[in-house]
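Enquirer: Residues per chain, in single letters:
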Amino acid sequence: MRAALRTVSTLVRKVVGILQRVGDILLSALREIFDESAYARFLARQQRTSSPEAYASFWKEQETARARRPKCC
Amino acid sequence: MPKWSKALLWLGVSLLGALALGTIALHRGENINAMWLVVAAVCSYAIGYRFYSKFIAAKVLVLDSTRATPAERLDDGRDFVPTNKWVVFGHHFAAIAGPGPLVGPVLAAQFGYLPGTLWILAGAVFGGCVQDFVILLFSIRRDGKSLTEMAKSEIGRLGGFVAYVAIITIIVVLLGAVALIVVNALKDSPWGTFTIAMTIPIALLMGIYLRRLRPGKVLETSAIGVVLVMLAIWGGQWAAHNPAMAKIFTLTAPTLAVLIIIYGYAASALPVWLLLAPRDYLSTFVKLGTIALLAIGIVAMRPTLHMPPLTRFIDGTGPVFAGKIFPFAFITIACGAISGFHALISSGTTPKLLQREGETRMVGYGAMMAESLVAIMATVAACVLQPGIYFAINSPAGIVGQLPEAAVATISGWGFPVTAGDMQALAQAVGEQTLFNRTGGAPAFAVGMAHIFSNSLGGQAVMAIWYHFAIMFEALFILTILDAGTRVGRFMLQDALGHIWKPLGRTSWYPSILVTSALIVGAWGSFLWQGVKDPLGGINSLWPLFGISNQLLATVALCVATTIIVKMGRARYMLVTLAPLAWLVSVTFTASYHKILDPNPRIGFLAHAQQLAEKAAGNPTHTVSQLIFNDRLDASVTGVLVILVALILIESTTLWIKILSGRSEARAKETPFVLSRWVAEEQP
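Chains A and B, in that order, give the protein sequences. Counting from 0, one number per residue, gives the positions in the first sequence under numbering that gives the first Met the number 0. Counting from 0, one number per residue, gives the positions in the second sequence under numbering that gives the first Met the number 0.
Next comes chain B alone, as it looks inside the complex (with noise of 0.2 Å):
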């Protein structure tokens, strides 16, 4: 293509982009169509990733694809195995895309489409995107070192511990969060459990086929469970109108809190190809397919925003989760612009598998763009709802009232109409008992998308299909993240305790498997227990938690990624990643603070536990006593990571000083240069 014509489509490209941001962001008073969503977003990743990415990988990082890469050159036919770009690109997307990016967009649409939106672009454009592309080739220059190895050698051995601290806190909290939106979405619900509870036995039925009948046959497998899951989510109506069987399958929150924390603690225990793996395979099947199906809906049906671009919550007085758009947009948004936890995979599997240099740009930058896509998507998914009825599914009873009338009344008085005929109609169409106090995002989520596919394919007929399976996509999703976060963290935990006692270490000794994995699941069973018993809903302290603690990490990864930059030479670029870094700075110490120390009981988590015990008089019963510990908790957990992560900033800055001022030697420890073999085959 001429030179003038390339010039020309990014023109285009850039004004058409330009256009749909300015109807996204200076639309008021009239409803836009949610594809302006689609083309901004679409237009700002084309640009961030012709322009942006490339300027990082030819000036900052110097890409060199001439430079054999740990898969080529440790190819063990195992762990080091060179593949190709585009299965990476998919291996890693696969990796990286969990429930987050679906969840925090449809929390923080409580704000309006707009913050949220534009957020999504920015953040994953400038931070999320070129965090997961910079770890990825420092990984790879460093025989795909783990974050918190590279952690270690380049900053010093406080990195590594704040590293180590930082992911076994996010697990844990996230395990607490993730388990809670599904107990929200299950809750009273005997259709969505009876489908949830198929799923154990069809991949258990999938671990013992594929190990005794058809060895190695996953594809074929995964669409054997997928056939079964949907009889499963089609026999949940019988579950539900069968009076007996509706018995059995209506559980309480505390009795699914329960039986999720049994099942997490079973998984973790039972061996990893009966449980773990089929339903990994499954899962990924399923959202895999969802995600296509999703954008192929909002491609097909257009439809229009229902929410406005701003809510009188960006003073910080939201039902969903409290607290003003600054801090809380950013965190609660969490993976969908970026996460801490992508690092993780960045450093973890892929970086074994390319081939070239020149593909991290594709697979580190492009993946982290279509995972913030999947985030446009859920935020499309919860804005095409009416605001009355978004605020009806996601605000808790302890805001709006118990009783439909009152929370109406509550919602309405907001400026956002809804009537109890309303919610009711919804939830008969959906095939649910009720639709009010079902905080989490998860069900806001499923009849947002429900209200997409229904009008894409099959009608209103099929809207109670269509959500059940909404809600058995994220509650696969979630269960599939509690089994294998409870072996992660069981790892960690006995790789630690192997430095006190060694047996404690050995991964594959019962006694130490039991006890670790009652550690992992008691400490992330705990907020769950705690999230089902807050009067507020519990999303309202576990999310921002979650949010904290994993934009956490991804600042001890962009702290990292900027030492490594200095000590490259390459300091006059370092405002790539310290830019992202200074910004998260801001945001996450800014919502700790607020978190912790906030005067409004909704906030503050210290405030929260002295109004209870005011109100307490000083003769609190049990479950106060309970709720003024897991205040206090909450704020601890904060106030210790937020600690570590400004001690491992500190480290970094003065190591940066003392390199750009000529007082320490700048070298990054990297592998040293082998040319790779594909140059010399491919020379003539």
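Pulled out of the complex, with its shape left as it was, chain A reads as follows (with noise of 0.2 Å):
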């Protein structure tokens, strides 16, 4: 009994794990397509902290990139 229970324990623990780890990349791949990690990205190489003006500096350095940016139809 004892051995089925953490037979199960185990397989529990690994299924939340690969869960887990799917929903990690889940959210990084989404922080990518909303711009969060560039954000993040250009914080630390301007060493500033978030702000409506640093924001507003990371969407002047962004504009002409963006902009240019194609989507598929």
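Please note: incorrect hints may appear among the correct ones.
Computed cross-link-like contacts, DSBU-like style, restricted to lysine-lysine with a CA-CA straight-line distance of at most 35 Å [as the list claims (entries may be wrong)]:
1) B:K501 / A:K59
2) B:K216 / A:K13
3) A:K13 / B:K2
4) B:K657 / B:K668
5) B:K2 / A:K59
6) B:K668 / A:K59
In silico negatives: residues of chain B with every beta carbon more than 10 Å from chain A [stated by the list, open to error]:
7) W3
8) M244
9) T254
Calculated from the structure, these hints are not laboratory results. Computed from a predicted structure; not experimentally measured. All C-beta atoms, glycine included, are put in the ideal place defined by N, C-alpha and C.
Mind docking these for me? Both chains are given alone in their own frames, and the hints should help you get the complex.
Expert: Structure (structure tokens):
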């Protein structure tokens, strides 16, 4: 009985681990798609903290590149 | 897993795929379940990915994961950023998935479900996925160069020029065609118009919220935006039922076209952070969610396809668009099977993010498979409708008649029974006044999607909500593309005009922004206006024009890819890109010939112009003169594109012959090899 429980708990831990990894990757993908990661990189590069001014500077830097990015049909 | 069990597994997948394809292709007289399409697609993609893409990766491209990618070598934390492959996959898929794979298959369903499904599967596995994969890899090996730059450096100056002209033409025609889809979806629909109108203040609000209140919290802002959009969909009912509001939001096609043109101009000149970016976030959020929901809905409901595998319209007499199955099914499907536009994205942001060459297979080939699956789902959404209903929604008044009685009589006469009562009940169920003559594909897709969703969740009572959700989803998508496309076109024009007069090339100089925006908006706006005024519904001429230009751009991309393969000294594998190239050349050139010179006025632009001129008997009204001019313009655009692509084909072929006969040196212009630091880090 105890061995069976141990097997089940190991299995559950494994599944939770996999789900957590999938969730992390999904969140990272969303953060990249939605420019949150790009903003975080900008803050790190400029050694600034998030603020309306920092975000405005981020957009100033992004504006041209972003507007040139094609979206498919 | 032991080798024999792997072999057994793949044998099982192959047999299941063959069974599904056989069922789709050979079943006659009885309706089949949509799951056969899904199973056939998943098995085809699995086999294509496991075997064909692996062969290309190992033998043709010789992927080398020890070679440093531009993301690693040029890492600047801004444009070049080494990123997890799954994250890049999501990013790439979000950029390539647009309304094309939804609209194209819905329009092509007039031939039945079989031609579209087969082309989506074969076209993606052997064409579209290959194109996206090889262009991505070649761009990575050239520091993330764009398709235009690669065409210029590998083929010649003409290659670069043709790619430039093809891109700008596609953008203009595409924007005109997709804007027409929105117009046709929203005309006389107060509910839909109200919902879409509300997305503009919602996007502006999101922009300000992001900028002032919660800088950088895009996911949170997008979630708020989605909630507000849902409220707007809910509120649309009230707008439709309140007489005063219904009057304001019940708009004719020309009025909607003018409003969209004004919107396009304003959106192009506004700062990116204020409207473009928040709308882009919102539409991406809704897009990814809706595609996932649709997949779940289809699997949960396992709907029956009511459309036959082949309809009588394979002979070219179809009401949705005229033209025989070859070549018109292939240019209509467009992005669901192969899209030249994807080559721009594969040589845009994506090559600057990948950490290893080996990952190009999953991102380039894999993301296109996912896009192709979206096209299969769109086919399902169109084919779950009763064929009579499908044709009543998608046929223009010029073909089936203005009055419901005339339309149902014509459509029933084709062997697809439908009654005015059926259509009235359906219109009522989805909260519309009428569903007749709603050409463009979006309303038919929305009805199919609402049918699937409401059967899986909420029942008939919420069909109207699901329908308007689907319309909002498509229109939101399209307005984002209008906005983004106008800006991309504007920048390209500014780059070109800067060679003539320097100030015009300055992208931040306001007079230049206003002039170039006006030129781009004017160009796609004229195509939109032409579509709105076209008695045959506009989609009949605009969608094939878009399909031809999109597939011609794919021809250019495959020319570049084949040239590089030959220059790499791997000419024995050149069929990998040459075969889809040859197919596309035959499809696009035949389609162009028909669209320009076919004697049938419903197909040939010039024959239609002549018919109009003859009817006017030397005294044409202003409208008729305009229609004649439009036909001649469409014929000229098609002709110029074909000539340019023929020139690039000749130039490429000459180069291949010279290299293969030893008269020219085979040297691809790759960035020199640098060992990846990941290799050093991984070694003990």
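Enquirer: Evaluate each hint against the coordinates.
Expert: Against the structure, the hints:
1. B:K501 / A:K59: This hinted pair holds, its Cα atoms lying about 22 Å apart.
2. B:K216 / A:K13: Holds, because 32 Å separates the two Cα atoms, which is no more than 35 Å.
3. A:K13 / B:K2: The given pair, whose Cα atoms are some 26 Å apart, holds under the 35 Å limit.
4. B:K657 / B:K668: holds (17 Å)
5. B:K2 / A:K59: violated (55 Å)
6. B:K668 / A:K59: This hinted pair holds, its Cα atoms lying about 34 Å apart.
7. W3: B:W3 is indeed farther than 10 Å from all Cβ atoms of chain A, at 26 Å.
8. M244: B:M244 is indeed farther than 10 Å from all Cβ atoms of chain A, at 32 Å.
9. T254: holds (25 Å)
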